[in-house]
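Take these sequences, add in the hints, and give me the full structure.
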Amino acid sequence: MSRFVISLCALGAALAVGAASRAEDAKPGADIALKDKLEICSGCHGPAGVSQIDGVPNLAGAPDLFTEWQLVYFRGETRMNEQMTPQAKDLTDSDIRDMGAYFLSLPAPAPTGPDSDPALTQAGAKLANERHCAQCHTETFAGQGEVPRLAGQREEFIVKALHDYQHGARRGRGNVIMPEIAYSLNEDDIKAVAHFMSRQPGK
Amino acid sequence: MVAKLSRMISLALVGAGVLSLAALTSATTVKAQDKPLGHYNATTKDFWLHPPDDWWRGDETEAQRGLVPVPGQPLPTPAADLEKNLAAIKLPPGFKISVWASSVPQARQMAWGEKGTLFVGTWDAGTVSAVTEQGGKRTVKSVIKGLRMATGVAFTNHTLYVVDIDKVYAWENPEDHLDNLGPGKVVYDDFPPYTPHGWKYITVGQSGELYIPVGPPCNECLPPSGTAQVRRINAENGNAELWAIGVRNSVGGAIDPRTGNLWFSENARDWLGDDIPSDKLNLVSKTGEDFGYPYCHQGDILDPVYGKGHSCAEFNPPIVKLGPHVAPLGMKFYTGNQFPSEYSGNIFIAEHGSWNRHQKNGYRIERVTVNPDGTNASQEVFASGFTDGTKVLGRPTDVILAPDGSLLIADDQASAIYQISYTGK
Chain A
1 MSRFVISLCA LGAALAVGAA SRAEDAKPGA DIALKDKLEI CSGCHGPAGV
51 SQIDGVPNLA GAPDLFTEWQ LVYFRGETRM NEQMTPQAKD LTDSDIRDMG
101 AYFLSLPAPA PTGPDSDPAL TQAGAKLANE RHCAQCHTET FAGQGEVPRL
151 AGQREEFIVK ALHDYQHGAR RGRGNVIMPE IAYSLNEDDI KAVAHFMSRQ
201 PGK
Chain B
1 MVAKLSRMIS LALVGAGVLS LAALTSATTV KAQDKPLGHY NATTKDFWLH
51 PPDDWWRGDE TEAQRGLVPV PGQPLPTPAA DLEKNLAAIK LPPGFKISVW
101 ASSVPQARQM AWGEKGTLFV GTWDAGTVSA VTEQGGKRTV KSVIKGLRMA
151 TGVAFTNHTL YVVDIDKVYA WENPEDHLDN LGPGKVVYDD FPPYTPHGWK
201 YITVGQSGEL YIPVGPPCNE CLPPSGTAQV RRINAENGNA ELWAIGVRNS
251 VGGAIDPRTG NLWFSENARD WLGDDIPSDK LNLVSKTGED FGYPYCHQGD
301 ILDPVYGKGH SCAEFNPPIV KLGPHVAPLG MKFYTGNQFP SEYSGNIFIA
351 EHGSWNRHQK NGYRIERVTV NPDGTNASQE VFASGFTDGT KVLGRPTDVI
401 LAPDGSLLIA DDQASAIYQI SYTGK
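In order, the protein sequences belong to chains A and B.
Going letter by letter, the first sequence gives residues 1 to 203 in the working numbering.
Going letter by letter, the second sequence gives residues 1 to 425 in the working numbering.
By construction, these hints were calculated from the structure, which means they are not laboratory data.
The reader is advised that the hints may include incorrect statements.
[Unchecked claim] Selected chain A positions facing chain B (in silico; Cβ < 8 Å):
{"id": "1", "residue": "L65"}
{"id": "2", "residue": "E68"}
{"id": "3", "residue": "V72"}
{"id": "4", "residue": "C136"}
{"id": "5", "residue": "S184"}
For every residue, glycine included, the Cβ atom is placed at its ideal position computed from N, Cα and C.
So this is what it looks like as structure tokens:
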């Protein structure tokens with residue numbers, strides 16, 4: 001929780017202003033309500049859509065349709081998460097469209113610092129290649145359409161997402177794609193691919 | 001032929017031992033494909049819950065990298081934009097198209113209740129919508145929720161039927177209590193539980209029987225027992241018959257009012273190329289006919305792997321080759337009297353549109369003229385313009401006649417229903 005507070009106070013004050021003005025770009029003449037809603041989002045997802053909290057995904061640079069679909073799932077309670085599902089309850093269709101455009105417009109997070117485990121990165125790259133992850137997530141793993149950006153996503157969140165698909169806690173688009181893909185990954189695969197994806201610059 | 005199919009399926013689960021999707025593997029086919037075939041074990045429960053994921057990819061060539069399913073539209077297209085989109089739709093002279101209902105989530109198969117309600121299935125929203133009309137105003141409401149993939153809906157014998165992957169649910173006299181339909185009664189549960197190609201369509205036969213296809217859990221494989229077929233189901237007693245075999249992914253069918261025979265649309269395999277194989281319109285004239293999957297595609301192309309040792313002459317050819325990757329879904333015979341008389345008995349087919357192809361194909365309503373026995377078939381485009389080649393404005397999923405003889409079209413991309421009428425102007 002302490003990190004949560006830090007992100008709200010230290011980063012929030014400075015960057016929330018920037019976030020709000022970009023939101024206006026996303027929807028010319030956006031009303032106050034959308035700004036306010038985005039400020040709530042930034043409390044967890046970080047003011048520039050880059051999260052500082054374990055278990056909370058980065059949203060910056062996410063494909064617009066992906067963000068929209070997930071918000072529709074949270075709002076319709078077909079994707080359940082204690083923290084996130086209630087946040088989407090009162091979003092309107094136009095909020096959701098605007099948020100899709102807004103998060104896509106934010107610069108995607110780039111990994112910083114030296115790789116803590118280059119061998120793991122290599123194992124992840126090999127697996128991603130063998131399992132054709134790029135077919136949908138694109139060659140740079142920046143994602144497209146309804147397919148999320150994996151490049152630069154938080155490592156522990158990718159692990160959690162793959163576990164959720166495996167256990168049926170999350171089904172996602174078409175109910176079918178990721179649950180079946182994740183099902184046959186073992187723990188080592190998941191660790192490796194998550195580490196690799198989180199290290200990709202994904203322009 | 002009559003059999004409760006649970007026994008067949010449990011055979012695959014328990015008895016078949018070495019039934020594997022790669023049973024045909026031989027040194028020569030491996031060389032032809034230049035890589036080993038996958039080897040699957042259909043004897044485990046796991047297989048039926050989580051079939052291998054390689055139907056999405058695996059076969060693609062370098063040129064096919066990046067071909068992915070068309071992204072769905074998360075939110076309904078606003079009514080004002082729908083009107084604009086329809087200006088791009090091309091129709092034969094004398095016909096016009098208008099928005100009949102907007103914000104119908106992921107509209108798939110449609111069925112009329114007996115009191116004027118239009119029931120509409122969905123995709124992964126897992127809901128069924130009811131469109132009702134009062135004082136000239138239409139209202140759309142989700143009346144069934146919490147299903148996995150409620151693609152197929154039908155209405156017969158005062159009962160609404162919904163097929164959801166592995167179960168058929170029934171609601172008697174649903175229009176008397178639309179606000180509180182309850183969970184529905186399971187009248188058939190003998191389908192496999194997997195999702196890939198698990199979404200279904202219901203065609204109602206002339207005595208109320210339900211024809212329902214069962215797709216294989218793969219792009220191209222030796223189908224596990226009990227799959228790649230169409231079953232005829234008696235919803236009163238839960239018995240099923242095999243009606244057609246060798247069927248890949250079928251999500252559309254209609255009964256010829258002239259003969260009572262089942263016709264169905266079929267989506268052919270992916271990854272063979274932009275221009276092959278063609279999707280199909282099939283006619284079942286004898287119970288149990290084999291339509292060729294996975295050995296022969298479009299009636300005249302042997303599969304490069306599974307076709308070894310077979311000839312296309314062993315199988316029922318399609319009546320019409322609808323075109324590569326057009327994705328034919330729902331269909332109906334025209335039995336109304338609003339359209340000019342030459343449309344009488346024609347088949348209208350909704351083509352969802354391609355993804356496994358570089359240039360878009362389909363995204364239209366096709367018209368087929370054909371004799372009851374399948375001879376003298378011809379096809380032409382009836383309504384097109386749902387894509388400009390890049391942007392997708394809509395994806396037709398089903399057609400149904402309105403009481404006035406106009407044609408309604410469901411669109412799961414724009415989440416809307418359109419109406420095509422003949423005005424002669």
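Hint-by-hint comparison with the structure:
Given the 8 Å rule on beta carbons, the hint for L65 of chain A holds: about 5 Å separates it from the nearest Cβ of chain B. At a threshold of 8 Å, the smallest CB-CB gap from E68 of chain A to chain B is about 4 Å, leaving the interface hint in force. For V72 of chain A, the suggested interface contact is upheld, since its CB lies about 5 Å from the closest CB of chain B, less than 8 Å. With a cut of 8 Å, the hint placing C136 of chain A at the interface with chain B holds, because the nearest CB-to-CB distance is about 5 Å.
Below 8 Å, beta-carbon pairs count as interface contacts, and S184 of chain A has one with chain B at about 7 Å; its hint therefore holds.
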